[in-house]
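Could you build the full structure based on these sequences and the hints that come with them?
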Amino acid sequence: MTETLRLTVDKRDGYAVLYTEGYINNQGGEEIARVAYDLIGEGYRGLLLNLAGTKIVNSIGISILIEVIEKMLEVNGKLGFCNLTPTIEKTFHIMGLAQYAGIYKDEAEASTGIKA
Amino acid sequence: MTATGIWNELLGLAGRDGGERPYLERLLDAWCARYGVGGAGLYVDTERGAERIAAVGGAPFPALLAEASEHDLIEVRVPGGLVAYRRGGASAGMQTADPLPVLLACALRNHRLRRQIDQQRFQANYRGVELEALYEVGLAIASTLDPQELAEVILSRAVSLLDARRGALYLLEGGRYRLKHTVGGDAPPEFAADHPGIERLRREEDEGLCDLLPGAAHLLCVPISIEDSPRGMLAVGDKERRGGFGPFAANDRRTLGLFANQAAIALENVRLHIEALAKERLEREMQLAGEIQSRILPKGVPATPGFDLMGWNRPAQQVGGDYYDFLPMENGNLGVTVGDVSGKGIPAALLVSTLHSAVRLMLDRVEVGPILLQRLNQHIHASSAPNKFITLLLAQLDLETGDLRYVNAGHNPGLLIRADGSSTTLEPGGLPLGLLAGGAYRCESLHMGPGDLLCLYSDGITEAASPSEEEFGLDRLCALLTQYRGAHLQELVQLIDVEVREFSAGQPQGDDQTLVLLRRAIAGPLRSGD
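Chains X and B, in that order, are what the protein sequence lines are. Taking numbering that gives the first Met the number 0, the leading residue of the first sequence gets 0, the next gets one more, and so forth. Taking numbering that gives the first Met the number 0, the leading residue of the second sequence gets 0, the next gets one more, and so forth.
Please note that the accuracy of each hint is not assured.
Computed list of lysine to aspartate or glutamate pairs in EDC-like fashion (alpha-carbon distance at most 16 Å, straight line) [what the hints assert, rightly or not]:
1. X:LYS89 <-> B:GLU131
2. X:LYS54 <-> B:GLU135
3. X:LYS54 <-> B:GLU151
4. X:LYS70 <-> X:ASP37
If you're looking for bench data, these hints aren't it; they were derived computationally from the structure. Predicted model, so just to flag it, every value in this text is computed and none were measured.
Written out as structure tokens, the structure is:
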């Protein structure tokens with residue numbers, strides 16, 4: 000049977016961390032967007048996606064992540080990614096996500112950037 | 000604000016880089032004010048329906064509008080989209096002479112163009128990701144020899160690049176396709192190499208293998224093969240689109256085929272590497288076994304007054320376990336032995352070494368006979384693996400009298416060629432050493448008269464095969480020995496060697512070949528009565 004992305008959220012002081020586990024495709028991307036928009040609605044202006052549990056992202060997933068980034072920019076918020084595999088990090092750079100979202104090595108490095 | 004003021008403000012916003020949203024919202028504000036509406040949403044027509052691109056006023060407007068009436072909204076069409084507002088507003092209806100609808104239409108067109116540019120930029124960037132993926136798969140091939148790791152890299156890249164929801168990679172092992180990696184869901188752990196769907200795959204009919212990805216509505220499979228020899232299978236399922244999935248495009252098969260080709264090259268590299276390592280290990284082992292064996296075999300012959308003695312051994316390409324030795328004893332007798340250890344390589348060489356030490360240690364303490372052979376048997380039985388054994392013919396010659404005592408533990412019967420041309424065989428008197436812990440042995444004796452020739456040999460001589468798989472045999476050996484029983488022993492060995500090789504007619508030597516020749520000199524010491 001088809002597996003779906005598992006997503007957990009850790010709300011912190013001033014920002015929220017979304018932990019992904021699985022494939023960021025259409026279903027996974029939509030789930031991330033849904034949760035991210037809810038958090039934005041709750042007033043969060045800093046979101047960090049910890050992709051330690053994700054090894055694959057496809058083009059649909061990337062396009063949805065770009066929309067989430069645009070949404071964050073509209074509300075003057077900040078979006079960051081951390082714990083990316085080298086392949087995903089390279090993909091994000093090529094696709095231009097790194098221009099509008101922070102790419103961090105880990106949560107410790109990201110927390111400073113997201114809150115600033 | 001005056002109408003002129005609004006137009007100037009809109010012109011300013013339209014000209015600002017990245018100012019689309021403020022411009023659209025101000026435009027909607029102006030529209031709401033013009034028609035007396037509290038709030039409105041601006042929607043652009045897309046394949047999925049009308050998508051909201053801006054909204055003003057407190058009440059929320061849905062992101063996607065299939066039917067405005069479902070949300071209690073009134074829609075006003077403009078070229079390329081619509082404006083939606085809530086019922087109860089005091090709309091006076093748009094006037095054709097009003098510039099606002101024209102501006103809204105222009106804004107929508109601009110928005111669509113910008114979206115198209117974004118999509119084209121996205122696709123151009125994604126071409127870069129595709130190239131990078133193929134490059135990385137190539138790098139992975141060069142950097143790892145782990146089939147599992149290769150399977151993960153190749154499948155992950157194929158699934159993500161083809162926007163597949165599912166994927167599985169199988170490799171052909173032991174006559175079955177075995178699952179090496181899966182993405183996006185479960186897949187059967189294995190399937191038969193003669194699965195009927197594989198034949199259909201040659202005609203690009205993927206549905207024959209739909210059970211590879213249970214639940215997938217659309218399947219794309221390509222074989223992983225090297226020179227038409229199947230090595231595996233790469234399968235992906237359900238090509239994703241925004242909001243759903245569908246069948247794969249025609250060129251997706253070609254892309255997946257590229258990954259399958261990369262996989263085939265990588266896996267072939269792994270196989271060749273493993274083979275090369277195994278060959279290198281075997282060669283090292285054979286070299287070591289050869290060194291062990293060459294150290295054990297006698298470098299020359301001891302002084303045997305009244306007897307000529309000759310030992311000869313030629314190992315096969317794969318070193319076996321032939322063994323012979325000459326053992327001068329404290330009582331002046333000569334021990335002579337020929338043996339053959341089951342198996343090849345290091346294990347056989349080590350067992351030969353064990354036997355060699357045991358015979359040397361025991362022979363001075365115990366004369367050749369049943370007790371000596373029983374002790375040797377117990378020692379070899381305790382020292383060797385259950386399936387290992389040694390055939391051994393051990394003889395003790397009284398150099399003064401020519402009396403010979405021997406025990407044949409399952410070895411090829413030795414040949415005694417009498418000076419008058421008659422012959423007798425030294426038949427086995429017990430099982431090979433190491434087979435049974437409690438083996439019993441029978442000792443035999445005979446007398447070697449002047450000119451009598453004793454030949455001990457290994458089965459590498461008598462079982463040397465011709466191209467028609469006929470064995471050289473004991474009779475041919477016996478005939479040669481009889482005919483040339485008076486020849487110099489070295490010449491006799493060469494003669495037998497030539498005959499055996501000619502008989503084999505270029506067939507590779509399958510086993511070690513050993514010959515031990517012992518002939519009593521005609522003028523040698525004689526016992527009374529000779």
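To see whether the hints hold, each was checked on the structure:
As the CA atoms of LYS89 of chain X and GLU131 of chain B are separated by approximately 9 Å, the hinted pair is consistent with the 16 Å bound. Between LYS54 of chain X and GLU135 of chain B the CA atoms are separated by roughly 14 Å; this keeps the pair inside 16 Å, and the hint holds. Restraint check for LYS54 of chain X and GLU151 of chain B: satisfied, since their Cα atoms lie roughly 10 Å apart, inside the 16 Å limit. About 12 Å separates the Cα atoms of LYS70 of chain X and ASP37 of chain X, which keeps this hinted pair within 16 Å; it holds.
When the structure is compared with the earlier hints, no violation turns up for any of them.
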